[in-house]
Amino acid sequence: MINKMELKFSASLSNEILARQAVIAFISPLDPSLEEINEIKTIIAEGVSNAIIHGYELDASKDVFLKAVIDKDELELTIVDYGKGIVNLEEARMPHYTTRPDLERAGMGLTIMETLSDSFAIKTLPGMGCKLVIKKKLAKETISYGTTC
Amino acid sequence: MESKIKFTTFDQGLIIKISGELDSMKTMLYREKIHREMVRIGPRMLLFDFKDLQFIDSSGIGLILGRFNEVDKIGGLVGITGLNNYSRKIFQITGILQIIGEYQSAAQFKKEARINL
Numbered sequence: 000m001i002n003k004m005e006l007k008f009s010a011s012l013s014n015e016i017l018a019r020q021a022v023i024a025f026i027s028p029l030d031p032s033l034e035e036i037n038e039i040k041t042i043i044a045e046g047v048s049n050a051i052i053h054g055y056e057l058d059a060s061k062d063v064f065l066k067a068v069i070d071k072d073e074l075e076l077t078i079v080d081y082g083k084g085i086v087n088l089e090e091a092r093m094p095h096y097t098t099r100p101d102l103e104r105a106g107m108g109l110t111i112m113e114t115l116s117d118s119f120a121i122k123t124l125p126g127m128g129c130k131l132v133i134k135k136k137l138a139k140e141t142i143s144y145g146t147t148c
Numbered sequence: 000m001e002s003k004i005k006f007t008t009f010d011q012g013l014i015i016k017i018s019g020e021l022d023s024m025k026t027m028l029y030r031e032k033i034h035r036e037m038v039r040i041g042p043r044m045l046l047f048d049f050k051d052l053q054f055i056d057s058s059g060i061g062l063i064l065g066r067f068n069e070v071d072k073i074g075g076l077v078g079i080t081g082l083n084n085y086s087r088k089i090f091q092i093t094g095i096l097q098i099i100g101e102y103q104s105a106a107q108f109k110k111e112a113r114i115n116l
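Chains as they are written, first to last, in numbering that gives the first Met the number 0: chain A, 0 to 148; chain B, 0 to 116.
A portion of the hints provided could be inaccurate.
[As the list claims (entries may be wrong)] Taking lysine to any residue and the SDA-like style, the derived pairs with C-alpha atoms no more than 20 Å apart in a straight line are:
(1) B:Lys88 <-> A:Lys71
(2) B:Lys3 <-> A:Gln20
(3) A:Lys71 <-> A:Phe25
(4) B:Lys88 <-> A:Ser13
(5) B:Lys88 <-> A:Ser32
(6) B:Lys5 <-> B:Tyr102
(7) A:Lys7 <-> B:Met24
(8) A:Lys135 <-> B:Lys88
(9) B:Lys3 <-> A:Asn14
(10) B:Lys88 <-> A:Glu35
(11) B:Lys88 <-> A:Phe25
(12) B:Lys3 <-> A:Ser13
(13) A:Lys61 <-> B:Met24
[To be verified] Label pairs and their calculated CB-CB ranges:
(14) A:Ala120 <-> B:Thr8: 46 to 54 Å
(15) A:Pro94 <-> B:Ile4: 26 to 34 Å
(16) A:Lys66 <-> B:Lys50: 32 to 40 Å
(17) B:Asp71 <-> A:Lys66: 39 to 47 Å
[To be verified] In silico contact screen, one side only, chain B against chain A (beta carbon under 10 Å); selected entries:
(18) Gln11
(19) Ser18
(20) Glu20
(21) Ser23
(22) Met24
(23) Asp51
(24) Gln53
(25) Ile55
(26) Gly59
(27) Ile60
(28) Ile63
(29) Gly65
(30) Tyr85
(31) Lys88
(32) Gly94
(33) Ile95
Hints were generated in silico from the structure; no laboratory data involved. Values in this document were obtained by computation on a predicted structure and should not be read as measured data. By construction, the Cβ of each residue, glycine as well, lies at the ideal position given by its N, Cα and C atoms.
Based on the provided sequences and hints, a complete structural model is requested.
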């Protein structure tokens, strides 16, 4: 069966830990390995901090949306912001490229997310926002929930 | 584990030990603390000790690169020690280990630092 969760939170960096912990708690019945937990935490940290810092420019009155779906052995994460979007996606995806050198952003967030996930997609429109869809296979078979013996 | 930062000095050097989780929030907080400490000491040698680091993302990488640029500008030496397998993976993805050396221990770094002085 498919299991899912959704979270909406203020675009404050103090909520990044909430996003990480929520998803880790959500997948914990699947008994993920420590490495998988770390990889997923990093993917979420990169995606959520991008939404907060670049999408909303640290405006905590705005909301970030996070959805997680487990289908068999695959976790699908969707991170959405309705902030300023990415003007030049090709440039943004280049390692070490950042629009915020003032904040010492390393420009490696998208590269890290892409490397750690099995599939990674960005949809963005300038002025409209940004949607990330990340898929990651978990090594172990899922336990099925709510089935009768 | 509690996330914290600890500074230790030696000769013209500074060791920055960061434990726990180094995320965007902690990075912003620590950047201030590190800046104050670096202004006070003016180190030519800078070592990041990540023995008890459990989490790092690109914001933490940005913090390290920023300090590398500062120390590199004055001809100093920057190193990293104590990487666990996961941190090393993140460091490798970002290519940071191609510009900042990894050391077995603080002792090894200090030895190298003395040669460089």
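Tested hints:
Annotation: proposed proximity of Lys88 (chain B) to Lys71 (chain A) is violated, straight-line Cα distance about 27 Å (limit 20 Å). Note on Lys3 (chain B) and Gln20 (chain A): the hinted pairing holds, with a Cα-Cα distance of about 19 Å set against a maximum of 20 Å. Proximity of Lys71 (chain A) to Phe25 (chain A) is assessed by CA-CA distance (about 14 Å); at most 20 Å being required, the pair is judged to hold. Straight-line distance between C-alpha atoms of Lys88 (chain B) and Ser13 (chain A) comes to about 25 Å, which puts the hinted pair past the 20 Å bound.
For the suggested pair Lys88 (chain B) and Ser32 (chain A), the alpha carbons sit about 16 Å apart, so the restraint of at most 20 Å is met. Between Lys5 (chain B) and Tyr102 (chain B) the CA atoms are separated by roughly 19 Å; this keeps the pair inside 20 Å, and the hint holds. Taken as a hint, the Lys7 (chain A) and Met24 (chain B) pair is honoured in the structure, with Cα atoms around 19 Å apart against an allowance of 20 Å. Of the supplied pair hints, the one linking Lys135 (chain A) and Lys88 (chain B) holds, its CA atoms being roughly 17 Å apart against a limit of 20 Å.
For a cut-off of 20 Å, the pair hint linking Lys3 (chain B) to Asn14 (chain A) stands: about 19 Å separates their Cα positions. A distance of roughly 13 Å separates the Cα atoms of Lys88 (chain B) and Glu35 (chain A); the hinted pair therefore holds under the 20 Å criterion. Proximity of Lys88 (chain B) to Phe25 (chain A) is assessed by CA-CA distance (about 24 Å); at most 20 Å being required, the pair is judged violated. A threshold of 20 Å between alpha carbons decides the hint, and for Lys3 (chain B) with Ser13 (chain A) the separation of about 16 Å falls inside it, so the pair holds.
For the hint linking Lys61 (chain A) to Met24 (chain B), the alpha-carbon distance of about 18 Å falls within 20 Å, and the restraint holds. The hint said 46 to 54 Å for the Cβ distance between Ala120 (chain A) and Thr8 (chain B), and at roughly 47 Å that hint holds. For the pair Pro94 (chain A) and Ile4 (chain B), the beta carbons lie near 27 Å from each other, so the given range of 26 to 34 Å is met. Here the CB-CB span from Lys66 (chain A) to Lys50 (chain B) is close to 36 Å, well matched to the stated 32 to 40 Å.
Checked against the hint of 39 to 47 Å, the pair Asp71 (chain B) and Lys66 (chain A) passes, with Cβ atoms roughly 42 Å apart. A least Cβ separation of about 24 Å between Gln11 (chain B) and chain A goes past the 10 Å threshold, and the interface hint is therefore violated. For Ser18 (chain B), the shortest C-beta to C-beta distance to chain A is roughly 16 Å, which exceeds 10 Å, and the interface hint is violated. Interface restraint check for Glu20 (chain B): the shortest CB-CB distance to chain A comes to about 8 Å, inside 10 Å, so the restraint holds.
Because the smallest distance between the Cβ of Ser23 (chain B) and any Cβ of chain A comes to about 4 Å, under 10 Å, the interface hint for this residue holds. Because the beta carbon of Met24 (chain B) sits about 4 Å from the nearest beta carbon in chain A, less than 10 Å, this interface hint is met. Checking Asp51 (chain B) against chain A by beta carbon gives a least distance of about 15 Å; that is not within 10 Å, so the hint is violated. A distance limit of 10 Å between C-beta atoms decides the matter here; for Gln53 (chain B) the minimum to chain A is near 8 Å, and the interface restraint holds.
A distance limit of 10 Å between C-beta atoms decides the matter here; for Ile55 (chain B) the minimum to chain A is near 8 Å, and the interface restraint holds. With a least beta-carbon distance of about 8 Å to chain A, the hint placing Gly59 (chain B) at the interface is held under the 10 Å criterion. Here the hint on Ile60 (chain B) is kept, as its CB sits about 4 Å from the closest CB of chain A, short of 10 Å. Taking 10 Å as the C-beta contact cut-off toward chain A, the hint placing Ile63 (chain B) at the interface holds, the least distance being around 8 Å.
Look at Gly65 (chain B): its Cβ gets to within about 4 Å of chain A, closer than 10 Å, so that hint holds up. Hint on Tyr85 (chain B) holds. Least Cβ distance to chain A is approximately 5 Å, under the 10 Å limit. Look at Lys88 (chain B): its Cβ gets to within about 8 Å of chain A, closer than 10 Å, so that hint holds up. Evaluation of the Gly94 (chain B) hint against chain A yields a held restraint, the C-beta minimum of about 7 Å falling below 10 Å.
Interface restraint check for Ile95 (chain B): the shortest CB-CB distance to chain A comes to about 8 Å, inside 10 Å, so the restraint holds.
In summary, the numbered hints that this structure violates are 1, 4, 11, 18, 19 and 23.
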